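Line by line, the protein sequences give chains A and B. Here the first sequence is numbered in UniProt numbering, starting from 1 and rising by one per residue. Here the second sequence is numbered in UniProt numbering, starting from 1 and rising by one per residue.
There could be a bad hint or two in this list.
Below are the DSSO-like pairs computed for lysine-lysine, each with C-alpha atoms no more than 27 Å apart in a straight line [to be verified]: (1) A:Lys16 with B:Lys64; (2) A:Lys71 with B:Lys64; (3) B:Lys23 with A:Lys45; (4) A:Lys48 with B:Lys28; (5) B:Lys217 with A:Lys71; (6) B:Lys28 with B:Lys165; (7) B:Lys28 with A:Lys16; (8) B:Lys122 with A:Lys16; (9) A:Lys75 with B:Lys127; (10) A:Lys16 with B:Lys16; (11) B:Lys122 with A:Lys75; (12) B:Lys226 with A:Lys16.
DEER-style ranges, computed between Cβ atoms [unchecked claim]: (13) B:Val204 with A:Leu31: 18 to 24 Å; (14) B:Gly213 with A:Trp46: 20 to 26 Å; (15) B:Ala138 with A:Trp23: 31 to 37 Å; (16) A:Tyr44 with B:His12: 42 to 48 Å; (17) B:Gly213 with A:Val93: 47 to 53 Å; (18) A:Ala30 with B:Ala144: 33 to 39 Å; (19) B:Tyr208 with A:Phe109: 34 to 40 Å.
Keep in mind that the hints were calculated from the coordinates and are not lab data. All figures in this text were calculated on a predicted structure; none of them were measured in a lab. Glycine included, each C-beta is placed from N, C-alpha and C at the ideal position.
What follows is the residue order along each chain.
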Amino acid sequence: MAQHTESGEKLPSQTKEIWRTFWILLGITALEFVIAFTVDADLYKWTKVGIFIILTLVKAYYIVGIFMHLKHEVKSLIWTVVLPCMFVAWLVVALIVEGGYIGWERLFFIGK
Amino acid sequence: MASANTSTTAEHLIWKGGVQPMKVGYGKLMMWIFLLSDTFTFSALLVAYGLVRYSFPTFEGLRKSFEFSNAWWPIPERVFASVPFLHGINAPLVFVGIMTFILIMSSVTMVLAVEAGHRRDKADVEKYMLWTILGGIAFLSSQAWEWSHFIHGSEEGLALADGTKIFGANLVRNEYGPAAFADFFFFITGFHGTHVFSGVVLNVLIFYNTANGVYEKRGHYDMIEKVGLYWHFVDLVWVFVFTFFYLV
Chain A
1 MAQHTESGEK
11 LPSQTKEIWR
21 TFWILLGITA
31 LEFVIAFTVD
41 ADLYKWTKVG
51 IFIILTLVKA
61 YYIVGIFMHL
71 KHEVKSLIWT
81 VVLPCMFVAW
91 LVVALIVEGG
101 YIGWERLFFI
111 GK
Chain B
1 MASANTSTTA
11 EHLIWKGGVQ
21 PMKVGYGKLM
31 MWIFLLSDTF
41 TFSALLVAYG
51 LVRYSFPTFE
61 GLRKSFEFSN
71 AWWPIPERVF
81 ASVPFLHGIN
91 APLVFVGIMT
101 FILIMSSVTM
111 VLAVEAGHRR
121 DKADVEKYML
131 WTILGGIAFL
141 SSQAWEWSHF
151 IHGSEEGLAL
161 ADGTKIFGAN
171 LVRNEYGPAA
181 FADFFFFITG
191 FHGTHVFSGV
201 VLNVLIFYNT
211 ANGVYEKRGH
221 YDMIEKVGLY
231 WHFVDLVWVF
241 VFTFFYLV
């Protein structure tokens, strides 16, 4: 909330949480790079994909929660935003599975 | 009007009906609703990408023997492995990593501008808005290079069965994989880039207004917060594009 400084004096800045979030985001991105180039993609492909998706959701939590301040809004606003996104996540999973079937059909009936 | 309001809520945050649904100002709530609708648009692109990608076969052999072909989906880190001024050096995903860093950094300067707005510190808002604009322009320039490199392609190109060669990419065919791969690259990163561009335009507008003392006169810097929400959203979309298009 805007604090009124009628006298025009400077209020101290509160940037501790912002910089903490920045280091977390940077750390996670660095971790993603380490995993991308050290973990064997032939053996652990789906483990890697799983880790990347989890780390992405963690990053999304910090951006939306701290930077966009949603964490400190009222519950009804939080759910207004989060609930539709959960249905979208379901749609993503459902249609990726569907894509696999389309590929299978193409392979069997067209042969390429 | 102000005399009827006995709560501690600032007057500009009260809606015309005299109440404040969801405890935020009208503009900010509408920005959230807009971002939600924009989420659906980007989701549509990512959903379509997921469906098409898994309808194409993946490369069967080991990673080190991977070759580009129109018959299977490419491994993204093989496609995006170049950095400006380092010609011929294989640096998978390094440039995308730099772009990600630029965008996260500009998100931080944006939130610092919002925080300065809370303190009504005009000079600080101006400073951090300038850094944010600079970050946005740096990202757009990086993307321009990335697109140009993707379109022109490698020196070797891709040899087809009939002896012809494909260099680079367009919407019809490309040297990296199925036509849909380049199509999704253009549409997803292009749609995101358009958002970054309009974000930069909005940032320039509010920087201009701040410098002219518009918000100082108005008594609050809420506009910085609203545009800030949009800018963070653009950063958020990139986090998802980075994972699902480049990393996985």
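Hint check:
1. Distance restraint check for A:Lys16 and B:Lys64: the Cα-Cα separation of roughly 45 Å exceeds the 27 Å cut-off, and the hinted pair is therefore not satisfied.
2. For a cut-off of 27 Å, the pair hint linking A:Lys71 to B:Lys64 is broken: about 44 Å separates their Cα positions.
3. A distance of roughly 45 Å separates the Cα atoms of B:Lys23 and A:Lys45; the hinted pair therefore is violated under the 27 Å criterion.
4. Taken as a hint, the A:Lys48 and B:Lys28 pair is broken in the structure, with Cα atoms around 38 Å apart against an allowance of 27 Å.
5. For the proposed pair B:Lys217 and A:Lys71, the alpha carbon gap of about 30 Å is over 27 Å, so the pair is violated.
6. This hinted pair does not check out: B:Lys28 and B:Lys165 have alpha carbons roughly 53 Å apart, beyond 27 Å.
7. Between the alpha carbons of B:Lys28 and A:Lys16 the distance comes to roughly 24 Å, so the proposed pair stays at or under 27 Å and holds.
8. As the CA atoms of B:Lys122 and A:Lys16 are separated by approximately 20 Å, the hinted pair is consistent with the 27 Å bound.
9. With a C-alpha separation of about 34 Å, the suggested pair A:Lys75 and B:Lys127 falls outside the 27 Å cut-off, and the hint is violated.
10. Among the hinted pairs, A:Lys16 with B:Lys16 is inconsistent with the structure: their alpha-carbon atoms are about 36 Å apart, more than 27 Å.
11. For the proposed pair B:Lys122 and A:Lys75, the alpha carbon gap of about 32 Å is over 27 Å, so the pair is violated.
12. The suggested pairing of B:Lys226 with A:Lys16 holds, with an alpha-carbon distance near 22 Å, which does not exceed 27 Å.
13. The hinted range of 18 to 24 Å is not satisfied by B:Val204 and A:Leu31, whose Cβ atoms lie roughly 34 Å apart.
14. A C-beta distance of roughly 56 Å is found between B:Gly213 and A:Trp46, which places it outside the suggested range of 20 to 26 Å.
15. The supplied range of 31 to 37 Å is broken by B:Ala138 and A:Trp23, whose beta-carbon atoms lie about 21 Å from each other.
16. Distance hint check for A:Tyr44 and B:His12: the Cβ-Cβ separation is about 54 Å, which falls outside the suggested range of 42 to 48 Å.
17. Here the CB-CB span from B:Gly213 to A:Val93 is close to 50 Å, well matched to the stated 47 to 53 Å.
18. A hinted range of 33 to 39 Å is violated for the C-beta pair A:Ala30 and B:Ala144, which are about 26 Å apart.
19. The hint said 34 to 40 Å for the Cβ distance between B:Tyr208 and A:Phe109, and at roughly 59 Å that hint is violated.
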